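Position in the sequence shown (from 1) plus 1451 gives the number in our numbering.
Possibly wrong hints are sitting among the right ones.
[Unchecked claim] List time: in silico BS3-like cross-link candidates among lysine-lysine, alpha-carbon distance up to 30 Å:
no.	residue 1	residue 2
1	Lys1497	Lys1526
2	Lys1661	Lys1689
3	Lys1502	Lys1526
4	Lys1595	Lys1502
5	Lys1526	Lys1595
6	Lys1595	Lys1538
7	Lys1577	Lys1538
8	Lys1538	Lys1689
9	Lys1526	Lys1494
10	Lys1538	Lys1688
11	Lys1538	Lys1526
[Unchecked claim] What follows is a list of derived Cβ distance ranges for each label pair:
no.	residue 1	residue 2	range
12	Ser1616	Gly1644	26 to 34 Å
13	Ser1465	Thr1613	33 to 41 Å
14	Cys1503	Lys1688	40 to 48 Å
15	Thr1613	Ala1572	33 to 41 Å
16	Thr1523	Arg1578	18 to 26 Å
17	Asp1555	Asp1602	17 to 25 Å
18	Ser1475	Ala1572	51 to 59 Å
19	Thr1662	Arg1466	35 to 43 Å
20	Lys1577	Asp1473	44 to 52 Å
21	Glu1665	Asp1529	27 to 35 Å
22	Lys1577	Ala1636	40 to 48 Å
23	Thr1523	Ala1572	23 to 31 Å
By construction, these hints were calculated from the structure, which means they are not laboratory data. All of these numbers come straight from a predicted model, not from anything done at the bench. Beta carbons: idealized from backbone N, C-alpha and C, even for Gly.
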Amino acid sequence: SAWNAQSEASLGQSRGWMQLLDSSCHTPDVSLLSWETADGAGKWDKKPNLKCREADPSTMPPASALVLSGATEAKAQDCLGLYRLIKGYEVNGRPCWRSVRRSDRWIAFNGENAWNAQSEASLGQKRGWLQLLDSNVSTPDLSKTQWEAWDGSNWVRQDACTCVSVDTAQLPPPPLIELAGPPIAGNAGACLGSYRLADRDVNGRPAFQKTDREDRWLAFNGDNAWNAQSAASLGEKKGWIQLLDSVP
1452 SAWNAQSEAS
1462 LGQSRGWMQL
1472 LDSSCHTPDV
1482 SLLSWETADG
1492 AGKWDKKPNL
1502 KCREADPSTM
1512 PPASALVLSG
1522 ATEAKAQDCL
1532 GLYRLIKGYE
1542 VNGRPCWRSV
1552 RRSDRWIAFN
1562 GENAWNAQSE
1572 ASLGQKRGWL
1582 QLLDSNVSTP
1592 DLSKTQWEAW
1602 DGSNWVRQDA
1612 CTCVSVDTAQ
1622 LPPPPLIELA
1632 GPPIAGNAGA
1642 CLGSYRLADR
1652 DVNGRPAFQK
1662 TDREDRWLAF
1672 NGDNAWNAQS
1682 AASLGEKKGW
1692 IQLLDSVP
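Let the sequences and hints guide you as you build the complete structure.
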């Protein structure tokens, strides 16, 4: 009989802190009836000034992560995958996302007419392997326009290409990751290489064990960082390499 503002535990039940007694509307924003709030004593108080209305998507904070998929052109396929929002950094006045798989691949606005999947060298320019000709959206996942891929001569429509927002905490961890970079001396250098997803979590996060050294791990320290560390220090704030980023 009603729409409810409620907790996840009460989702879909006749419970909550606010209710709109209008079962005839498909969505609550189109109803002309008044909302009511629970007074804590089993009664509902009408709130005629309380409104539920359609919001402008451009006012929403940008997605923390995007997944770009479905392109068929060879070079465009190299841009596919998971992209993470670079917080506090904008390109041409808009948010931007960096590829998790390839740190030199970005999704950014070109300053004029399109969003591009492009190299770091071309960041913010009207260049790239994929483009979304829609300057009206504040983030590319909100667009209904179709992506296009550069085939070396022309822009080709990519009917199956999509860019969607995702919750990184809901994504399955990769079965294998690599910690790579220039040579490092000492124990830190011995931590470089491939790590296989372990069959256990550490501090509530996936953990990875080095493929050629069972006593080397990549794990979350439970507070503020990921550490490349020994098995003896697993899950502690100790190690030879750290990544100060507590995101899932």
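Can you confirm whether the C-alpha distance between Lys1497 and Lys1526 stays at or below 30 Å? Since the Cα atoms of Lys1497 and Lys1526 sit roughly 58 Å apart, the hinted pair is violated (cutoff 30 Å).
Taken at face value, is the distance from the CA of Lys1688 to the CA of Lys1538 at most 30 Å? holds, 25 Å
Given the hint of 26 to 34 Å, is the C-beta distance from Ser1616 to Gly1644 inside that range or not? holds, 33 Å
Given the range 35 to 43 Å, decide if the beta-carbon distance of Thr1662 to Arg1466 lies inside it. violated, 50 Å
Look at the Cβ atoms of Thr1523 and Ala1572 and judge whether their distance stays inside 23 to 31 Å. holds, 24 Å
Pairwise beta carbon distance, Lys1577 to Asp1473, judged against the given window 44 to 52 Å: holds, 48 Å
Between Ser1475 and Ala1572, does the C-beta distance stay in 51 to 59 Å? The hint (51 to 59 Å, Cβ to Cβ) holds, given that Ser1475 and Ala1572 are roughly 56 Å apart.
What's the verdict on Lys1661 and Lys1689, does the C-alpha distance respect the 30 Å limit or exceed it? holds, 17 Å
Mind checking the alpha carbons of Lys1595 and Lys1538 for me, to see if they're no more than 30 Å apart? With a Cα-Cα distance of about 25 Å, the restraint between Lys1595 and Lys1538 holds, given a limit of 30 Å.
Do the alpha carbons of Lys1595 and Lys1502 lie within 30 Å of each other, as the hint requires? Between Lys1595 and Lys1502 the Cα gap is close to 28 Å, so the pair holds against 30 Å.
If I claimed the Cβ atoms of Glu1665 and Asp1529 lie 27 to 35 Å apart, would that claim hold in this structure? At 34 Å between Cβs, range holds.
Range agreement (Cβ of Ala1572 with Cβ of Thr1613, hint 33 to 41 Å): With a Cβ separation near 26 Å, Thr1613 and Ala1572 fall outside 33 to 41 Å, so the hint is violated.
Taken one by one, the earlier hints fail for this structure at numbers 1, 3, 9, 15, 19, listed in ascending order.
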